[in-house]
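Using the sequences and the hints, build the whole thing.
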Amino acid sequence: MLADLGYGSLIITLFISIYGASAAYFGSRRGKPAWVDSARNAMLLTFPLLTITTLSLLYLLVNAHYEFPFVSQVISNTMPATLRITALWAGQAGSLILWSWLMSAFACAVMLRKWDRDREFLPWVIVVTLVTLAFFLIISIFVENPFLRYWQSPAGSVVTAMFQPGGMQLFAPLNGNGMDPLLRHPGMILHPPMLYLGYVSFVIPYAFAIASLVTGRSDDRWIRITRRWALVAWLFLSLGLVLGMWWSYGVLGWGGYWNWDPVETASFMPWLTGTAFLHSVMIQEKRGILKQWNMLLIILTYCAVILGTFLTRSGIASSVHAFLQSALGPLFFIFIGLTFIFSLWLLIKRWNDLKSTTEMTSLFSREALFLLNNLLFVGFFVVCFWGVMFPIITDAVGSIWQKLPALSNLFTIQKIDIRSDYYTLPAALLSAGLILLMGLAPLSAWKSSTFKTLARAAIKPFAASLLLVPILLLGGMRSWVAILGFWICGFATLVTLNEFWRAARARHRAQGESLPVALWRLAGKNRRRYGGYIVHIGVVLMAIGIIGTKVYTTETQQTISQGGEITLGQYTVQFESLSAFNTSDGRNIARAVIRVSKNGAYVGELYPRRDYYYESQQAVTIPGVRSTLADDLYIVLADWQPLSTTSATFKVYHNPLVNWLWIGGFFVFTLGMLWAAWPERESQAIPFRKPVQLTREMNGP
Amino acid sequence: MQYASRAFPWFRGRVKFIIGGLLILAAIIFLIISSTKANALYYYTIDELLSRGPDMVEQPVRILGAVIGDSIQYDPQALSLHFTIANIPADNQEIEAQGGLSAVLHTAVTDTSHTRLQVKYQGPKPDLLRDEAQAVMTGYIDGNGVFQASELLLKCPTKYEAAAPSQAAP
Numbered sequence: 001m002l003a004d005l006g007y008g009s010l011i012i013t014l015f016i017s018i019y020g021a022s023a024a025y026f027g028s029r030r031g032k033p034a035w036v037d038s039a040r041n042a043m044l045l046t047f048p049l050l051t052i053t054t055l056s057l058l059y060l061l062v063n064a065h066y067e068f069p070f071v072s073q074v075i076s077n078t079m080p081a082t083l084r085i086t087a088l089w090a091g092q093a094g095s096l097i098l099w100s101w102l103m104s105a106f107a108c109a110v111m112l113r114k115w116d117r118d119r120e121f122l123p124w125v126i127v128v129t130l131v132t133l134a135f136f137l138i139i140s141i142f143v144e145n146p147f148l149r150y151w152q153s154p155a156g157s158v159v160t161a162m163f164q165p166g167g168m169q170l171f172a173p174l175n176g177n178g179m180d181p182l183l184r185h186p187g188m189i190l191h192p193p194m195l196y197l198g199y200v201s202f203v204i205p206y207a208f209a210i211a212s213l214v215t216g217r218s219d220d221r222w223i224r225i226t227r228r229w230a231l232v233a234w235l236f237l238s239l240g241l242v243l244g245m246w247w248s249y250g251v252l253g254w255g256g257y258w259n260w261d262p263v264e265t266a267s268f269m270p271w272l273t274g275t276a277f278l279h280s281v282m283i284q285e286k287r288g289i290l291k292q293w294n295m296l297l298i299i300l301t302y303c304a305v306i307l308g309t310f311l312t313r314s315g316i317a318s319s320v321h322a323f324l325q326s327a328l329g330p331l332f333f334i335f336i337g338l339t340f341i342f343s344l345w346l347l348i349k350r351w352n353d354l355k356s357t358t359e360m361t362s363l364f365s366r367e368a369l370f371l372l373n374n375l376l377f378v379g380f381f382v383v384c385f386w387g388v389m390f391p392i393i394t395d396a397v398g399s400i401w402q403k404l405p406a407l408s409n410l411f412t413i414q415k416i417d418i419r420s421d422y423y424t425l426p427a428a429l430l431s432a433g434l435i436l437l438m439g440l441a442p443l444s445a446w447k448s449s450t451f452k453t454l455a456r457a458a459i460k461p462f463a464a465s466l467l468l469v470p471i472l473l474l475g476g477m478r479s480w481v482a483i484l485g486f487w488i489c490g491f492a493t494l495v496t497l498n499e500f501w502r503a504a505r506a507r508h509r510a511q512g513e514s515l516p517v518a519l520w521r522l523a524g525k526n527r528r529r530y531g532g533y534i535v536h537i538g539v540v541l542m543a544i545g546i547i548g549t550k551v552y553t554t555e556t557q558q559t560i561s562q563g564g565e566i567t568l569g570q571y572t573v574q575f576e577s578l579s580a581f582n583t584s585d586g587r588n589i590a591r592a593v594i595r596v597s598k599n600g601a602y603v604g605e606l607y608p609r610r611d612y613y614y615e616s617q618q619a620v621t622i623p624g625v626r627s628t629l630a631d632d633l634y635i636v637l638a639d640w641q642p643l644s645t646t647s648a649t650f651k652v653y654h655n656p657l658v659n660w661l662w663i664g665g666f667f668v669f670t671l672g673m674l675w676a677a678w679p680e681r682e683s684q685a686i687p688f689r690k691p692v693q694l695t696r697e698m699n700g701p
Numbered sequence: 702m703q704y705a706s707r708a709f710p711w712f713r714g715r716v717k718f719i720i721g722g723l724l725i726l727a728a729i730i731f732l733i734i735s736s737t738k739a740n741a742l743y744y745y746t747i748d749e750l751l752s753r754g755p756d757m758v759e760q761p762v763r764i765l766g767a768v769i770g771d772s773i774q775y776d777p778q779a780l781s782l783h784f785t786i787a788n789i790p791a792d793n794q795e796i797e798a799q800g801g802l803s804a805v806l807h808t809a810v811t812d813t814s815h816t817r818l819q820v821k822y823q824g825p826k827p828d829l830l831r832d833e834a835q836a837v838m839t840g841y842i843d844g845n846g847v848f849q850a851s852e853l854l855l856k857c858p859t860k861y862e863a864a865a866p867s868q869a870a871p
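Listed in order, the protein sequences are those of chains H and L.
To convert, note that position 665 of the first sequence is 665 in the numbering used here; the numbers rise steadily by one, no gaps.
Positions in the second sequence are counted from 1; adding 701 to them yields the numbering used here.
Hints are computed from structural coordinates only; laboratory data are not their basis.
Heads up, the beta-carbon is just placed ideally off N, CA and C, and yes, glycines get one too.
Check before you lean on any hint, since a few could be wrong.
[Unchecked claim] Not close to chain L: a few residues of chain H, all C-beta gaps over 10 Å, as computed:
no. : residue
1   : Lys415
2   : Lys460
3   : Leu473
[Stated by the list, open to error] Here are the simulated DSS-like cross-link-like pairs (lysine-lysine), alpha carbons at most 25 Å apart as the crow flies:
no. : chain 1 : residue 1 : chain 2 : residue 2
4   : H       : Lys452    : L       : Lys821
5   : H       : Lys286    : L       : Lys717
6   : H       : Lys286    : H       : Lys550
7   : H       : Lys355    : L       : Lys738
8   : L       : Lys717    : H       : Lys447
[Claimed, not checked] Covered by chain L, per the in silico footprint, the following chain H stretches (three or more residues, Cβ under 8 Å):
no. : region
9   : 368–381
10  : 385–393
11  : 608–620
12  : 633–646
Structure follows, in structure tokens:
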């Protein structure tokens, strides 16, 4: 049976991973390349084997094999095939398999690269990726096994087990629970795989970093090899986060998109250290400093990746992400703790080898501003870490105290929680600081920038951006938070655009190219830099969206009868009709028709609705949204009179500028990152590469 | 410039970075501590909250409980939501020992010996608010013994991980 095949290959993969990691270790330690080759082959095998496992799970899902609890929890008879495939990551067991599968795919892709120049890294990259993979496989096999089945005793009781218990028969329910209706949204369908793609691709730079530490290579080769992995990881992670926000906005019907829920925050943490890492590796490449810091950042990112996976899955933090408690917690904590301690130990051992070749001299040099950026990102990380872990830590400390007999009377286990408002001020200040730096850093020079030179470079864009303030005031803006925020955004935008303009104009003058051609060639020649600037623009757009919604969102809730109107700002919405009907896929839909007019002029109809899923007895509120670049009108059907449907309650939100959040987060981020990660043109690379290869051949092995 | 940095070794080159770094570190730590102080909340079960008596009146806390479906009353005109919750343990091990979250919620709602507490919440009725849902609420208990919730989070564990599907019942 296909399920047995899938389970079998899962177990074989675990053995192969353990074998591969050991073979790579011994091969490298004893100087036997044949063992390393064998380990590499083992690594290459994990991907096809896990593909079999994944495909067999998909087969079980699509064909609704309800005898598997894994299937019956997320599938129901009415779910279409496409949705059944995405149900793979709707539950805990399936998403861990997805994690392992993606991990093996990326690790195999790394194995297939040319290793001739970095042969000594190979065994250690294998060890790190295979140990990580083995950890997830162990969890899949022993804790969260998707291949468990239902068995029924003659008396009628049902148990869950891998193998047939004596005297029991396989039991297949006629229907399953079905996927949580809230998760049946494109945002939530894409969010976990995107996040996971980001997570697993950050494992690759970490593996190379560890390889670099073990082999004692102190140059920046590991950074150069994994540059693109880190960029891709960052893009996927960002897209995953923004998709989660978009889902929250489009489905949860609360008008917001981010709530500092512990699970959201946990997936944001690797993004923070990862972003810091992307910036600080540039200083190492340019100036040969901050080597230890970069190691520390990638170690933190790796641990944050595992923590993020674990917090989502284990349900350790109380959260709207309703996954149940499981035995995963201690395992993950032990794994994170061990890898963190081990990585730190390696780093400390190599600390002196990683001493900088040069020193940072000026507080206002570009490298110093990058370092400041790093401090702010890591500070942000610490804020999040504390916010997520504080309740868990106080809980754990409380229970430890209570176990000590002498103290048990003094302390009672007292859970302490933290309100999401905890994040508001630190997040706002740190983000403002980071965006301000985004504007300042391009103005500073490497090495020897002084306050004077920086101030001289900054004065023009600073003065120009100040013009924004009276414009905003004349436009009727009175919130100083918003004005300050928009000004910082304006300053950063101005500097960034000026970077493009300045360099393009110089090229235009020097080489006689027309301005668009100059701009195109310029950005093509220094991809990482200009790709990065494009991403900065994306960040500014997101910030504009966030300020707009945080400061200027207005809302009202009213009950009106047919023909009645609600006015919110410039908008008037009129309740036309409400109808309820059943669909063939097991829903009852209550759908209102709303006429929207802006400043008295009719602009269209909206259809806020509530879908009631009979199978799961759950309702999902889907807002009617009118999106423009200026604002969203977001209408929620809150309640209605079931029989007469003549009156209903609506909650109306006006969310200014919210779409810039999605534009910046989806399109501009993608454009900038693809630009930065796109391979440089061959014609430039070849003349540099050839002599290097020749000299290597001449020196011989 | 070159001479100056050579004449004053190590220290002079770094002291400004160390001071700058420490200042930022201090600012971030200050932010974290002040935000924690302003936003930390005790997380009680209903029994724990009530056992503390009148001291807890109007003190901001977070509590959890099982929603009793029959008690849910929603007034769309006034936008007010009333319901009653029953005491459930907060400790995971205790929940596991009693047969998992869905079993705990079920017993809490059906067994009338569990302590109950009335809740008032202002706002639209959440989709997940139904019988045997786990509710986590932030707010305070008022002089009349009604919990005034300002934040309401709901979990319905049965949807995700049923102990056995409904058809399995004999």
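Taking the hints in turn, this is what the structure says about them:
no., hint, verdict
1, Lys415, "violated, 4 Å"
2, Lys460, "holds, 26 Å"
3, Leu473, "holds, 29 Å"
4, H:Lys452 - L:Lys821, "violated, 60 Å"
5, H:Lys286 - L:Lys717, "holds, 22 Å"
6, H:Lys286 - H:Lys550, "violated, 39 Å"
7, H:Lys355 - L:Lys738, "violated, 40 Å"
8, L:Lys717 - H:Lys447, "holds, 15 Å"
9, 368–381, "holds (count 6)"
10, 385–393, "holds (count 3)"
11, 608–620, "holds (count 6)"
12, 633–646, "holds (count 3)"
Consistency with the previously given hints fails for numbers 1, 4, 6, 7, ordered from lowest to highest.
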